[in-house]
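J.: The listed protein sequences correspond, in order, to chains A and B. Residues 1 to 470 (the numbering used here) are what the first sequence spells out, left to right. Residues 1 to 143 (the numbering used here) are what the second sequence spells out, left to right.
Do not rely on the hints blindly, as some may be mistaken.
Straight line, CA to CA, 25 Å or less: simulated PhoX-like cross-link-like pairs of lysine-lysine [what the hints assert, rightly or not]:
id: 1; chain 1: A; residue 1: Lys151; chain 2: A; residue 2: Lys138
id: 2; chain 1: A; residue 1: Lys213; chain 2: A; residue 2: Lys151
id: 3; chain 1: A; residue 1: Lys138; chain 2: B; residue 2: Lys78
id: 4; chain 1: B; residue 1: Lys4; chain 2: A; residue 2: Lys138
Just some of the chain B residues that point at chain A, by a computed CB distance under 8 Å [to be verified]:
id: 5; residue: Ala14
id: 6; residue: Asp15
id: 7; residue: Ile16
id: 8; residue: Gly31
id: 9; residue: Gly32
id: 10; residue: Lys34
id: 11; residue: Val36
id: 12; residue: Leu41
id: 13; residue: Val52
id: 14; residue: Arg126
Calculated directly from the structure, the hints in this document are not laboratory data. None of these values were measured; they are calculated from a predicted model. In this text, a Cβ means the ideal position worked out from N, Cα and C, and glycines have one as well.
Residue-level listing of the chains:
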Amino acid sequence: MPITLAVDFGSTYTKVVAIDCEAETLVGVAQSPTTVSEGVMLGLDRALARLEAACGVRRADISRRVASSSAAGGLRMVAIGLVPDLTAEAARRAALGAGAKVLRAFAYELSRRDIDELLRLAPDMILLCGGTDGGERKTIVRNAGALAAAKLRAPIVVAGNRAAQDEVEALLRDAGLDCTIVDNVLPELDQLNVEPARAAIRAIFMDRITQAKGLDRAEAFVGRIVMPTPMAVLEGARLLASGERDDGWGDLVVVDVGGATTDVHSIGSGAPSTPGLVPRGLPEPFAKRTVEGDLGIRVNAPTIVETAGMDRVLAEFGGRLAAADILARVQRLAIEVDRVPHDAVDHELDAVLASLAVDTALERHAGRVSTSYTPMGPVQLLHGKDLTATATVIGTGGVFAHGRDPQRILRAARYRAQSPTSLRPRDPTLLIDRRYLMFAAGLLAPFAPRAAVSVMRRHLTNAQELDHDD
Amino acid sequence: MTTKGTLVLGVIGADIHNIGITILAAALRAGGFKVVSLGILVSQEEFVKAAVETAADAILVSSLCGHGELDCPGLRDKCTEAGLGDIRLYAGGNLVVGKQDWAPVAAHFEAMGYDRAYPPGTSPQRVIDELSADFENARRAHP
Chain A
1 MPITLAVDFG STYTKVVAID CEAETLVGVA QSPTTVSEGV MLGLDRALAR LEAACGVRRA
61 DISRRVASSS AAGGLRMVAI GLVPDLTAEA ARRAALGAGA KVLRAFAYEL SRRDIDELLR
121 LAPDMILLCG GTDGGERKTI VRNAGALAAA KLRAPIVVAG NRAAQDEVEA LLRDAGLDCT
181 IVDNVLPELD QLNVEPARAA IRAIFMDRIT QAKGLDRAEA FVGRIVMPTP MAVLEGARLL
241 ASGERDDGWG DLVVVDVGGA TTDVHSIGSG APSTPGLVPR GLPEPFAKRT VEGDLGIRVN
301 APTIVETAGM DRVLAEFGGR LAAADILARV QRLAIEVDRV PHDAVDHELD AVLASLAVDT
361 ALERHAGRVS TSYTPMGPVQ LLHGKDLTAT ATVIGTGGVF AHGRDPQRIL RAARYRAQSP
421 TSLRPRDPTL LIDRRYLMFA AGLLAPFAPR AAVSVMRRHL TNAQELDHDD
Chain B
1 MTTKGTLVLG VIGADIHNIG ITILAAALRA GGFKVVSLGI LVSQEEFVKA AVETAADAIL
61 VSSLCGHGEL DCPGLRDKCT EAGLGDIRLY AGGNLVVGKQ DWAPVAAHFE AMGYDRAYPP
121 GTSPQRVIDE LSADFENARR AHP
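When you get a sec, could you build the whole thing from the sequences and use the hints?
T.: Quick look at the structure:
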């Protein structure tokens, strides 16, 4: 049987997912710690040995390979725009949607200090925006000049005012910089256009970034590493929402809890679900990703406790653990970042931390309602995406794959009466990715969407069924 | 893409009257301007940000609820602060409560830093003509 192998060189684990695309079945899944300093092939070889032990798939059976990566720091980007709420935010959203880690978003003219900061951050790529089409052009030209003078080596994607493209391109090319010009991320104030920038970021990631990170040795076996891991998850979510042929699940949310960060992906327009809600602010991307850099259940375990407050953590434990004990444990998790839970308390702590991370991450990702009082009566304003009618929420990441209480964690994604202005999914079906399928589905989407969809449909586990198993 | 100029339009403050501004936006587009309409419930900050990003030539502030005297002051200062020193500001609608004599109202809005203020019932054509003339004069003054 010809097997398609989806590989993810994750920041902690290298995962392999074997799928028979003809039979549309999942053959096996395995993982092993990612090995960056010794070369990523070592970790991949170990994962493949485990895959063979688990389901008998040998290398000779694998006819097609496709890979994503977030190893060696992931795709580290800086976004530059004009007004913080407008093109700088549009640039940030485009970079996040491409699966990048956005180190910083700069607005207005880059100062000498900003350039020093850029040099210190040493991003893998820069997204340079500013001005709507035919709008402000001086700032993006000045910023291109500053980047040219600084001799930053990182590839630059330019997605700003069309009227300034030629001048910006000339400045960057004359300085010998690697630049790609694409359509504006914000051509009109009410039109967000992130796809051309995302495509350019992905192409550069494929062509140049993976080599720079020493991942090219693995490419001899896996072929091109085609996208950053978060983009693969977002594409998997998009495929599941749209379906292979009109059989999609519609609007959905994916929450990915990691050791250092928690990602939320939402697919859907986020348009008001009730009449009378007036949308405000920048248009929302249909496929939107946000990253919470302060919410993760290892490196950032203490930060989760700080953000949620010790009272909530204690309440989650129902008084079975003292505050001092909790603090000592989360501080140890922040140091022993590859610690796996050993006993029931470890497992429960993971579940508590992950629930609080999911709760806060959804609160920040979902839109919120505010009320404005006018002489004509109160008016409800919508800031962000209205997710209340979202039908499906999927949990992915290690704590969902291996944790003991994934359904409890995912329930934290739902609307909370204590926080009524946050437009989170009210009554979604909760599905758990026990087998790391979201990234694999995203990788398979371009060439085997049917197999990807049917494997996901079969193997994403309904949280209620898990409840019955227990 | 040659236009007579870029205009940012919106209904300022806690005001949800969108019919006038919708008609005016359509008329101004037909009159050859590039129109960036922000809709209703627009804050002064949103006007300024939009004008920066689009390099607007003018901001047209609409106020129908009678709170113009509360909502409109300070926009000129914010524009100056944001580097939009020479942007033109126009206001129109039911700027004040009740039927008041227009000349002192217009003078009051000019003192706030608005280039022109329009009373209720102004025809869109008058706005188009006066904007065109103002922009033409500005171009002649700073070619």
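J.: All the hints need checking, so say for each whether the structure fits it.
T.: Hint-by-hint comparison with the structure:
no. : hint                : in the structure
1   : Lys151/A / Lys138/A : holds (20 Å)
2   : Lys213/A / Lys151/A : holds (20 Å)
3   : Lys138/A / Lys78/B  : holds (20 Å)
4   : Lys4/B / Lys138/A   : holds (20 Å)
5   : Ala14               : holds (4 Å)
6   : Asp15               : holds (6 Å)
7   : Ile16               : holds (6 Å)
8   : Gly31               : violated (17 Å)
9   : Gly32               : violated (14 Å)
10  : Lys34               : holds (7 Å)
11  : Val36               : holds (5 Å)
12  : Leu41               : holds (6 Å)
13  : Val52               : holds (5 Å)
14  : Arg126              : violated (26 Å)
Consistency note: the structure conflicts with the earlier hints numbered 8, 9, 14.
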